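Q: Here's the letter readout for the chains.
4 protein chains.
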Amino acid sequence: MQEIGVGIIGTGFMGKTHALAYRAVAGVFPESLRPKLVAVADIDEDAAKRAAAQFGFARASSDWKSLVTDPAVEVVSITTPNRVHKEQALAAIAAGKHVHCEKPIAPRAADAKIMMEAAEAAGVVTQVGFNYIKNPILGLARSMIVAGELGDIVSFRGIHAEDYMADADVPYNWRVDPSGGGGAIADIGSHIIGMSRFLLGPIVEVIADLRTVVGSRPVSPGAAERRKVEVDDIGRAIVRFERGCSGSIEANWVALGRKMQLGFEVTGTKGTLVFSQERLNELHFYRAGANPREAGFVRIEAGPQHAPYGNFIVAPGHQLGFNELKTIEVADFLRAIAGGEQKGPDFREAWEIQKIIDTAIQSSKERRWLAVS
Amino acid sequence: MQEIGVGIIGTGFMGKTHALAYRAVAGVFPESLRPKLVAVADIDEDAAKRAAAQFGFARASSDWKSLVTDPAVEVVSITTPNRVHKEQALAAIAAGKHVHCEKPIAPRAADAKIMMEAAEAAGVVTQVGFNYIKNPILGLARSMIVAGELGDIVSFRGIHAEDYMADADVPYNWRVDPSGGGGAIADIGSHIIGMSRFLLGPIVEVIADLRTVVGSRPVSPGAAERRKVEVDDIGRAIVRFERGCSGSIEANWVALGRKMQLGFEVTGTKGTLVFSQERLNELHFYRAGANPREAGFVRIEAGPQHAPYGNFIVAPGHQLGFNELKTIEVADFLRAIAGGEQKGPDFREAWEIQKIIDTAIQSSKERRWLAVS
Amino acid sequence: MQEIGVGIIGTGFMGKTHALAYRAVAGVFPESLRPKLVAVADIDEDAAKRAAAQFGFARASSDWKSLVTDPAVEVVSITTPNRVHKEQALAAIAAGKHVHCEKPIAPRAADAKIMMEAAEAAGVVTQVGFNYIKNPILGLARSMIVAGELGDIVSFRGIHAEDYMADADVPYNWRVDPSGGGGAIADIGSHIIGMSRFLLGPIVEVIADLRTVVGSRPVSPGAAERRKVEVDDIGRAIVRFERGCSGSIEANWVALGRKMQLGFEVTGTKGTLVFSQERLNELHFYRAGANPREAGFVRIEAGPQHAPYGNFIVAPGHQLGFNELKTIEVADFLRAIAGGEQKGPDFREAWEIQKIIDTAIQSSKERRWLAVS
Amino acid sequence: MQEIGVGIIGTGFMGKTHALAYRAVAGVFPESLRPKLVAVADIDEDAAKRAAAQFGFARASSDWKSLVTDPAVEVVSITTPNRVHKEQALAAIAAGKHVHCEKPIAPRAADAKIMMEAAEAAGVVTQVGFNYIKNPILGLARSMIVAGELGDIVSFRGIHAEDYMADADVPYNWRVDPSGGGGAIADIGSHIIGMSRFLLGPIVEVIADLRTVVGSRPVSPGAAERRKVEVDDIGRAIVRFERGCSGSIEANWVALGRKMQLGFEVTGTKGTLVFSQERLNELHFYRAGANPREAGFVRIEAGPQHAPYGNFIVAPGHQLGFNELKTIEVADFLRAIAGGEQKGPDFREAWEIQKIIDTAIQSSKERRWLAVS
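Respectively, the protein sequence lines represent chains L, R, Z and V.
Those letters in the first sequence? Residues 6 to 378, by the working numbering.
Those letters in the second sequence? Residues 6 to 378, by the working numbering.
Those letters in the third sequence? Residues 6 to 378, by the working numbering.
Those letters in the fourth sequence? Residues 6 to 378, by the working numbering.
Bear in mind the hints are in silico, worked out from the structure with no lab data behind them.
Here the structure is a predicted model, which is why all the values come from computation and not from measurement.
Do not take every clue at face value.
One copy or two, it doesn't matter: identical chains are merged, so the pair holds either way.
[Claimed, not checked] SDA-like mimics (lysine to any residue), calculated; alpha carbons at most 25 Å apart, straight line:
#1 Lys41 <-> Gly10
#2 Lys41 <-> Ser221
#3 Lys91 <-> Ala58
#4 Lys54 <-> Ala312
#5 Lys275 <-> Arg292
Could you put together the complete structure from these sequences and hints?
A: Now the structure itself:
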C-alpha cells in the first residue's frame, strides 16, 4: 500500500500515543496508507531526539515550523498543549498538510471555527483526538441507536470523571491556564460532550454550573508559593438535544479514586445502553419486551463481530486496550485521506463540541440557560 | 416490654410493608415497644379485612376517621396516596396520635409545613417513610462523612431511577395526578433528595429541568381514551449545598431496565463513597493516601459491625433485604416515642425535602436558579 | 387460618433466625398455618428466657425434653450444635412432632438414615435448614434446568467459601469437633452439595481432597493452650452426577475476605447460569443462539415475577434478605404439614446429602474415587 | 538500538498476534532490540504473502525450513498447530536461532523435554507464549505473594473456560486431534497451570478428571459425516503444590457464554487475591487486619505504578489490551536475548507445565492421584 509521511509535534503523553498508533496502523489495517515516520518536533530538543530513536522518526528537532513545511511530511499530528494548537494547525493547513490534532483543538469556539474554515478551504483532511468514540463497542451502541433499536431516546446521562487534579498540590500547569480555555469541562468534558453527540446528535441548549474546588496551586512542584486557579474543577450541565430528549453531563477532574469514569446511560422507549470506559470492552443493553422472568441487562463483550475489533484480534474475549482505540482513530483518518469515508471527528465536529463548552462556560457565568449558537 | 397500639391506613404496597415491619420489630429489637396491631383501614373494606386476617389486626374497616380516633390506637401509619396524607395526618395529630406517614407527606411544602407545625404543637412523634436511609451501610457512609474521613466534600452525584412508568400504556393514576404534587421528582426524587440531606445536610440552591416524556396515558388499564400528563417523568437538578459543595440529582421513572437505581457518589478531599441500592449491602470506599500500588475502591459488605445489621443476623455476608430497612425505620420511630433518640426523618425533615422539590418544580418553570427558601 | 404450636430448641444464630421466620411467616403467606410460639429451650436458661421475651414464646426452659413432649408443641425446631440433633430429633419424632432441623442433621449418614426412617415411620413432616435454595431466583434457575432451557447439562462448578475460621486464633469449638462430623465440607459444603442436587439431581461418584489448614486452635478464647484440629478447613471434590455431567465442589471456611461466596456456574448445551449468594437477588443467564452482536450474560434481578418474591414485596428491585429465605423455608414446611406440596428438603434429602459428605471424607482418606452408596 | 532479524512461521490468529507484537515492541520499550521483520512462512503461500504485505516482512514463502536457516533470521517465532512445533523448533535450534514458540510447545512432555534439552545445549534463548502472565497486574500479584504479603498460601482455585468448542458443529480440527496432545486441558489448561506455577511454584501431585462432552464433530464445516472426538472438552483437577497448599484447576472449552474466563482466587493467611482475564486490568485484594468497619476487597486498577504498564500509557485508567500482553512477552524475550534477565517462560518451564498436563491426562485414565514426576 502507498506510504504517507507523518510528522508529530509534541512528545508527551499524547505524542507517544500518536507515535505508537502511526507505527501500528498498517499492521492492523492492511488496506491502510502506510505511515512513514518522517519527523518529530518538541520544544525540548532532547525529548524530540529520544522520541525519534524510540519510534523511528527520520528527523527530530525543536522547530515545529520546519516540520510543518517539510515536503516529506504529508500529515501533521499536533499533541502540544491546547493553547498552541491553533497556530500550529493553521501553519500546517497553510502548508497543505492533513492535520491530526489533539482535543480540544482550541481554547475557544471562535478559534476552532477559524481552524475549521481554514482546513475546509484548503481541502485538507482533519482528525481530532476524541479517541474513546473509536471503541468498536461504542460503534455498536451508535448503530443500535441510529437503527432505532432503542426506540425514541428519552434520557442521557454522561460523565467523565478522573482524579488527576484532585491533589491540591498538583502544581499550576497548562491545564489550568485560562488562556487554554476551560478546566475540566474542556479537558475531559469535551470527551463526554463529543460522545453524546456521537450517539445522539446536536445539543441545542445548556445550563451549566462550573466550580473551582482547588482554589490555588503551587507555582511549581513543591513550591510554597501558590497561584490562583480560575478554571473549573467540576462542570455540571443539563442539556437539551435537538432530537428532543434531555440529558445531563458532568466533567470532573477532582473525582478522587476515579481513573477513567467516562461513561453514559442512554434510555429510549425500547431499550437502554450503559457504558463505562472503566470496562471498555463491555456494553450493557436492556431491551424492552423480553420475557419478564428472564429480562435484564445483557453484558455484551467486545468481539470480532464488532468491527474493527477483528482487525486486532480474531477471537472474542481478548479485549482491546486504550492504545488500540488510537490506532482505529489513525486508521479512520488515513482512510479519509485516501479518499474513503470521512468518519471524523474532524475540525468541524471539534468546533461544534467547542461551542457547547463555550456555551457551558458562559451559562455558568450568567447562571442561566443558553442556546448553543 | 410495653405494648403500643398501631393502626394502619391503606393496604397497598406500603400498607403491607408497614404491617410486616410492625409485626417484625419487637423480635429484632428486644428493647422496642411491642406493637399491638389494633386496626387497619382501607377505602376498600374487603381489602382491609383481608389485611386484618393476614397480619393479625384486631379490627378492619373502610373508615380511616374512626381508626385515628380509636382510643386503642396510639400510632397511626398512613400509607395512602400522597394527596390524602395531609387530611389524615392532621386528624391523627388532632387525636394526639404519633404519626408514621409515607413520603412525600404532602403535595406541596406549604401543606407539609402545616402538618409539621401541627405535630410539633401537639407534641406527637412523627416518622416519614424514607426507608432507604435506614440501611446500616448508609449509616456507615454518613458516619464517615460526619467524622471527616472524606475530608471536605467537593462533589455529590445522586440518582433515583426506575422504570415503573416507562411503558406509555401504564394508565393514568394518582402518581401522575398533579393534585398530588410533582411526578418523578416527588415520588422518587424525594428519596435521593432526602438521602443527599442525610449525608451532606441542607441544599440551598437549585436549578432544575423537569420533563414529561409520556405525554398522555390511558384513563384506565387498556382504555383507548388517554389523558394528558402534566407532571414530570424525568427531573434533573444541579444543586448547591449549604456546606459549600455542589452536586447533581436525577429522578427518573421511565428509566427502562432500571428497577432500583437509587445511588450516589460523594467525593471529598480525602475519600470517595459510592453506593447503589441495586446492591444495597455494599458500600464502595476510596481513601486517599494509600500505597498507589494497591490503592482502589474497597467493596465493604454489610455485617454486624454496622449496627443495627447485627440485630437481624449475627454473621456477615448474609444480607438484609428491603423489608428490614422498613423494620429499622419502625424501630427508630418507636424508640423516639419511648423517649429515646429522635433519628427521624420526621415531618420537619419531610418539609425540608418538600421545599427542595417545590423549588425544583418552580425552577424548571422559571428556567432559572432558585434559592430554597 | 389455623394455628400451629411451635417450640424451638437453641437460641443462638439459627435459633434467632428460626424465631424470626416463624414470627414472620403468616404475615407474608396469608394461607399459611399461623405459628403460635409455645416454647423455647436453651441449655442456658437465661438465654431461653431472653429469647422468650424477645420473640414472644409463652414458655422458656433449659429442658429441651419437656419441650418436645409439650402437648401444645406441634412443631419442634432444632437449632443446636450438630452432634445433638439426632437425639433431639428422635425424641421429637417419638412424640409425634413435625421436625425442623438445622443442617447437617447428623454427623454421619448412618445417623441421618436412622432419623429419616424414624420420621417416615412416624409420618411426621421434616424440614432441614438448607435455606439458600429457597431463594426465588434459584427457583427460577431450577425451573429453567428442569424445563430443558439449558439443554443437556455438561458442567457444574460449585463453591461455598467463607472466612469465619480463617483466623488461627478462633478457638476450638463444636464446628471442629470430629464427633460432629466433618469440618468445612459438612458445615458449609452441605449447602453447596444440597444446592447441586436441587439443581441437577443425584451425585453418584466422588473424589475428594480434604485439608486441615489451621492445625491447632486455642482451647478457649485467648488461651495459650491449643488443641489439635482433625477436621477439614478446605474440602475439594470432583463429582459425577447421575444425569451424566461432571462437576466440582469446594467448601472452604478459611477463605479470607469471603463472607458468603456460595455460588455456582452450571453450563448446558443451550445455556449457562451463574449465581453467587454475594448478590443473592441476581441470576446471570446466557442463552445460546442469540444474535452474536448483542449476545451476553443477562443479569436477571429478582422480582415479583419470581414467586414467592411477590409475597414479600410487590415491586421489583427492592430485594429480599437472608432472613426472608428462612421465612420461605418455614412457609414450605408449614404448607407440607397442612397437607400441601412437600418441597423439602426433608430428612431423606438431608440423608442423601450426608452420604455425599461421608463419601467425600472417606474418599479423601482413601485418596480414590468412591461411589456414593 | 541494535536490530535483530525475525522470522515467523504461521499466519493464523497467533501468527498475526506475534507480528503485531514484534512490530510494536521497540516503540514501547526503547531499550529493546529492534526487530527487523525478515521472513514469514505459511503452508498457504498466499497467506504468507498477504502477511508479508500487511506486516512488512521482507520475504514470504511456504517453506518454513528455508526460513529457519535464513542467515538474516535470528529469532524464529512458531505459531503453527501444536503437533508441528517440535520439528520446527528443533530445526530452528539446530540452526542456532532463538525460538519463540506458542503453547503448548509439544503434545507430550517427553517431546518438550527433547526440545528443552536441545535449546539449552545450543545455548539459544527460548520463549513460550503464555502471554497472560505478562499482565502487569499479575506481576503485582506475584510480587505480593513472593514478598509474603498474603502470608502462607493455603488455597488456590484456577480456571480457564471459554466456549469456542461448545457448538457440537464446530468441525474436527487440530485442536481435537489426539496427536497434538490433550484437548482443553492442553489448549487452555496450560494457561491456568502456567499461571498457577507463576504465582505459587511447582505442582507435585494431581488427581484429574477429563471429560469429552461433544462425542463427535463434523469432518469439515457443514459436513454430515462426523468423526469421533477422543480428547477432553472439560478437564478438572485437584492439585497439591510443593509449597504445601492445595488447589483446584479447571479447563473447559465448552463453557457456553464464557469468552475468556481465565482467573484465580489465591488465599493466604494474611490476604487474598482474585483475578479474571475478563477484566484484565483489575486485581482484587483483601488484606487481613483492616478495620472491620471498612474492610473488604480492594479493586486495584492497573496503572503506571505497575511496570511495564507505563511503557504503554503514562496515565492510569486507560487500560492495556491483550495484544499488549504479547508485546511485553516479546520485550521480555528480546531482553533475554540481549543478555538481560531471563524472565521466561522458556522451554524448561513449558516442559514443567507439560508434565502436569500429561500427569493429569494419565491420572484421569487411571482414576487416581499421581505424582508429577
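Q: Decide, hint by hint, whether the structure agrees.
A: Here's how the hints hold up against the structure:
Taking the shortest alpha-carbon separations for lysine 41 and glycine 10, both the intra-copy value of 5 Å and the inter-copy value of 20 Å come in at or below 25 Å. Within a single copy, lysine 41 and serine 221 get their C-alpha atoms no closer than 44 Å, and across copies no closer than 51 Å, so neither meets the 25 Å cut-off. In this assembly of identical chains, lysine 91 and alanine 58 lie within 25 Å of each other by CA distance neither inside one copy nor across copies; the values are 28 Å within and 37 Å between. In this assembly of identical chains, the alpha carbons of lysine 54 and alanine 312 lie at most 25 Å apart only when taken from different copies (24 Å versus 36 Å within one copy).
For a Cα distance limit of 25 Å, the shortest separation of lysine 275 from arginine 292 qualifies both inside one copy, at 6 Å, and across copies, at 21 Å.
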